[in-house]
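Chemist: This is what each chain is made of:
Number of protein chains: 2
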Amino acid sequence: MDIATRVWNHKWRIDPIVRSLIDTDFYKLLMCQSVFRNKPDTQVTFSLINRSKHVPLADLIDEGELREQLDHIRSLSLSRGESTWLRGNTFYGKRQMFRPDFMEWFENLRLPPYHLERVGDQYELTFEGSWPEVMLWEIPALAVLMELRGRAVLNELGRFELQVLYARAMTKLWEKIERLRDLEGLRLADFGTRRRHSFLWQDWCVQAMLEGLGEAFVGTSNCLIAKNRDVEAIGTNAHELPMVYAALAPDDLALRHAPYEVLADWHEEHDGNLRIILPDTYGTQGFLDEAPDWLAGWTGIRIDSGDPATGAETAIRWWQERGEDPTEKLVIFSDGLDVEKIIELHNRFAGRVRVSFGWGTLLTNDFRGLVPGDALAPFSLVCKAVSADGRATVKLSDNPEKAMGPEDEVARYKRVFGVGAQDRIAVEV
Amino acid sequence: MDIATRVWNHKWRIDPIVRSLIDTDFYKLLMCQSVFRNKPDTQVTFSLINRSKHVPLADLIDEGELREQLDHIRSLSLSRGESTWLRGNTFYGKRQMFRPDFMEWFENLRLPPYHLERVGDQYELTFEGSWPEVMLWEIPALAVLMELRGRAVLNELGRFELQVLYARAMTKLWEKIERLRDLEGLRLADFGTRRRHSFLWQDWCVQAMLEGLGEAFVGTSNCLIAKNRDVEAIGTNAHELPMVYAALAPDDLALRHAPYEVLADWHEEHDGNLRIILPDTYGTQGFLDEAPDWLAGWTGIRIDSGDPATGAETAIRWWQERGEDPTEKLVIFSDGLDVEKIIELHNRFAGRVRVSFGWGTLLTNDFRGLVPGDALAPFSLVCKAVSADGRATVKLSDNPEKAMGPEDEVARYKRVFGVGAQDRIAVEV
Chain A
1 MDIATRVWNH
11 KWRIDPIVRS
21 LIDTDFYKLL
31 MCQSVFRNKP
41 DTQVTFSLIN
51 RSKHVPLADL
61 IDEGELREQL
71 DHIRSLSLSR
81 GESTWLRGNT
91 FYGKRQMFRP
101 DFMEWFENLR
111 LPPYHLERVG
121 DQYELTFEGS
131 WPEVMLWEIP
141 ALAVLMELRG
151 RAVLNELGRF
161 ELQVLYARAM
171 TKLWEKIERL
181 RDLEGLRLAD
191 FGTRRRHSFL
201 WQDWCVQAML
211 EGLGEAFVGT
221 SNCLIAKNRD
231 VEAIGTNAHE
241 LPMVYAALAP
251 DDLALRHAPY
261 EVLADWHEEH
271 DGNLRIILPD
281 TYGTQGFLDE
291 APDWLAGWTG
301 IRIDSGDPAT
311 GAETAIRWWQ
321 ERGEDPTEKL
331 VIFSDGLDVE
341 KIIELHNRFA
351 GRVRVSFGWG
361 TLLTNDFRGL
371 VPGDALAPFS
381 LVCKAVSADG
391 RATVKLSDNP
401 EKAMGPEDEV
411 ARYKRVFGVG
421 AQDRIAVEV
Chain B
1 MDIATRVWNH
11 KWRIDPIVRS
21 LIDTDFYKLL
31 MCQSVFRNKP
41 DTQVTFSLIN
51 RSKHVPLADL
61 IDEGELREQL
71 DHIRSLSLSR
81 GESTWLRGNT
91 FYGKRQMFRP
101 DFMEWFENLR
111 LPPYHLERVG
121 DQYELTFEGS
131 WPEVMLWEIP
141 ALAVLMELRG
151 RAVLNELGRF
161 ELQVLYARAM
171 TKLWEKIERL
181 RDLEGLRLAD
191 FGTRRRHSFL
201 WQDWCVQAML
211 EGLGEAFVGT
221 SNCLIAKNRD
231 VEAIGTNAHE
241 LPMVYAALAP
251 DDLALRHAPY
261 EVLADWHEEH
271 DGNLRIILPD
281 TYGTQGFLDE
291 APDWLAGWTG
301 IRIDSGDPAT
311 GAETAIRWWQ
321 ERGEDPTEKL
331 VIFSDGLDVE
341 KIIELHNRFA
351 GRVRVSFGWG
361 TLLTNDFRGL
371 VPGDALAPFS
381 LVCKAVSADG
391 RATVKLSDNP
401 EKAMGPEDEV
411 ARYKRVFGVG
421 AQDRIAVEV
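For the protein sequence lines, the chains are A and B, in the order given. Numbered according to full-length UniProt numbering, the first sequence spans residues 1 to 429. Numbered according to full-length UniProt numbering, the second sequence spans residues 1 to 429.
Simulated from the structure, these hints should not be mistaken for laboratory data. No experiment lies behind these values; they were computed from the predicted model shown. Glycine included, every Cβ here is placed at the ideal spot set by N, Cα and C. Check each hint, because a few of them may be wrong.
Unchecked claim - Ranges of calculated distance between the beta carbons of each label pair, as one might list FRET restraints:
(1) B:Ala309 - A:Gly158: 31 to 41 Å
(2) A:Thr84 - B:Arg118: 28 to 38 Å
(3) A:Gly158 - B:Arg80: 54 to 64 Å
(4) A:Glu428 - B:Ala426: 29 to 39 Å
(5) A:Glu215 - B:Glu428: 40 to 50 Å
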């Protein structure tokens with residue numbers, strides 16, 4: 001290594017985990033633009049939720065280090081090259097996906113303050129402010145916590161133990177890639193930013209998939225990596241849109257229409273492969289039963305909770321009932337995937353629908369079994385909108401383990417959306 | 001990477017495999033000094049012998065590339081730092097192991113010409129000249145052939161396949177190290193230069209052992225790595241001494257005494273842990289039976305062929321017969337070792353003698369099972385003195401698979417040294 005590089009590296013007071021505002025998921029930027037246009041003044045609170053209570057984040061992660069990382073993120077602004085890429089690149093076949101007014105706002109953005117408090121062995125980490133600003137905290141906050149927890153474990157290892165750890169993780173991923181190679185017509189994207197082991201590791205995973213899967217690897221949700229590695233940025237929309245729209249609804253009738261209102265706004269802005277329904281926020285079956293006919297004309301559906309095969313069969317039946325041809329529809333699986341499940345779902349649905357996979361945590365953070373006590377195993381950490389304009393948000397999902405919100409509101413939503421008994425499915429990642 | 005480094009790297013016409021005259025085994029230098037003093041004018045021929053005929057070296061390795069590598073070795077001379085290290089360092093607790101007259105000669109040395117010819121799917125590679133010069137070809141010639149064969153296979157792999165290959169090899173070695181860690185009182189050295197996968201890989205192996213085994217790792221036979229990593233350089237003497245001394249013997253009586261003559265010369269020069277008997281050149285049992293009493297006073301014995309446990313038991317009995325205490329003697333196992341055998345031998349002999357291991361090919365070149373067709377599996381390549389002053393050399397060993405020499409001479413040696421039937425043991429590496 002040359003001396004200048006070495007000196008430069010030592011100049012960093014910390015080793016920043018998130019070094020760019022576009023080190024985030026592409027759908028965040030799409031949603032942010034939509035919110036910026038449709039609900040710019042909504043005041044929201046996002047909050048960290050560790051579903052894996054057995055992982056004592058506040059014992060593992062030093063509060064000072066966490067603050068340094070979060071403060072560093074607040075110092076970031078869009079670089080000229082990043083702005084040029086967002087303004088000039090083609091996303092989903094479309095030029096100028098991001099409009100000049102949004103880009104001007106984004107170029108001037110700094111992330112708003114955070115509130116951090118230790119409560120028992122967990123951290124309470126919340127972000128409050130206007131929706132388009134606060135929502136951009138979600139992905140970097142999760143990435144920081146996941147990586148700091150990893151670093152705490154890695155600090156205990158020797159230099160060669162570290163080399164061997166990564167050697168094993170590489171071997172593990174490559175063996176997965178070798179199995180996926182055999183799947184005819186596979187389409188798979190990296191959705192692993194939020195719960196990745198580290199940025200460098202996610203970047204390695206993307207490059208390995210590029211070489212190992214070729215055409216079957218369709219892109220990454222991570223904008224920075226998509227830009228640097230010249231691959232497609234992938235993603236559409238997430239639960240936060242219907243959750244906030246629903247929270248803002250003044251009465252039960254408006255509540256029942258809120259999820260469709262979200263997609264009506266989206267329908268105006270996007271077409272083609274960006275018209276993907278995320279139906280499970282308040283129960284997939286009810287959502288589809290009540291859906292307006294124009295939604296059946298959308299390109300596809302993303303299955304993000306519940307039993308994925310059941311979800312896909314439900315979607316196929318719904319399209320058939322609405323007179324649509326399922327073989328022309330896209331089903332994107334994105335919940336808790338690993339190789340076995342990808343192979344099983346691909347074999348079951350390829351040909352019946354167009355199948356695609358958004359592979360997340362077990363792509364970019366499968367360090368299970370690689371250190372004593374499994375201290376690097378991924379866990380279920382989320383950062384969600386918990387209130388909007390002072391009203392609590394609710395999520396039901398197709399799996400009660402993923403539900404959230406105050407008890408009375410959950411009961412109200414269940415009644416309004418006609419959600420009955422649901423199967424519990426353990427949430428690991 | 002900085003631009004200067006990149007430009008520098010591109011300046012190399014080839015990627016040299018051996019870049020230093022001390023990228024060789026320590027015992028070569030010890031023996032070279034002994035030969036330089038005792039038999040400087042002996043004319044010898046060394047020749048490459050591929051015992052693994054199924055590996056078609058001449059099909060795998062381009063002749064032009066082989067010549068470039070060998071020519072590069074002929075361009076090498078001792079650097080000032082290397083000379084300073086050899087002159088000033090303490091080896092086996094002794095200062096000035098290498099005498100000024102030898103060092104002056106070594107500083108002016110360039111390796112003599114080689115003769116290379118393709119015969120069928122093998123190469124005939126021979127070196128002729130004065131013994132102290134020619135003998136220094138053995139290790140670099142073997143390292144070049146092993147690494148060029150490896151490169152031929154690696155050329156077919158993609159960038160990430162390569163990363164994963166090394167990830168797997170690292171994992172494999174580390175798992176070996178983790179098993180060896182549990183052995184109380186283990187003493188183990190790297191003897192893997194000649195059949196290593198590559199220089200960088202051997203260097204990695206040494207560093208991994210340093211971190212993983214700590215005190216149990218006593219050093220490396222490779223002088224360059226010993227110097228760079230500041231570990232002990234390890235080694236004493238090899239079969240070439242008795243083989244050449246024996247070839248020079250004018251009659252059967254002189255022949256019978258030749259192996260002892262070698263050790264008498266050695267006895268004058270060295271003491272302590274450098275007084276290690278290598279008894280198997282013409283059969284261990286006969287050698288020990290006929291040995292003069294002063295040899296029983298030597299520090300230890302190296303077991304390099306035949307069944308290692310049998311060899312060690314033979315040595316223990318011999319020491320007892322000669323009134324020596326075996327618990328004070330050193331037994332060095334150095335033939336075809338891998339973890340299983342190391343554990344087995346350690347458990348059997350620790351406490352009965354002082355045990356040490358010289359771990360070679362399966363330390364620095366265990367790429368078995370890592371590429372299709374096992375094309376990187378190590379194989380049995382040697383480079384031996386085949387004649388001295390025009391007379392053929394002979395080796396019998398304790399394993400007829402390792403014997404060499406003209407048939408009639410082998411018969412004569414067997415008669416002179418009283419070697420009867422021997423067990424055949426497959427030679428894999």
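Chemist: If a hint holds in the structure, say so; if it doesn't, say that too.
Modeler: Each hint, compared with the structure:
Between B:Ala309 and A:Gly158 the CB atoms are about 34 Å apart, so this pair conforms to the stated range of 31 to 41 Å. With their beta carbons about 57 Å apart, A:Thr84 and B:Arg118 fall outside the hinted range of 28 to 38 Å. The hinted range of 54 to 64 Å is not satisfied by A:Gly158 and B:Arg80, whose Cβ atoms lie roughly 34 Å apart. The hinted range of 29 to 39 Å is not satisfied by A:Glu428 and B:Ala426, whose Cβ atoms lie roughly 48 Å apart.
The given range of 40 to 50 Å is respected by A:Glu215 and B:Glu428, whose C-beta atoms sit roughly 42 Å from each other.
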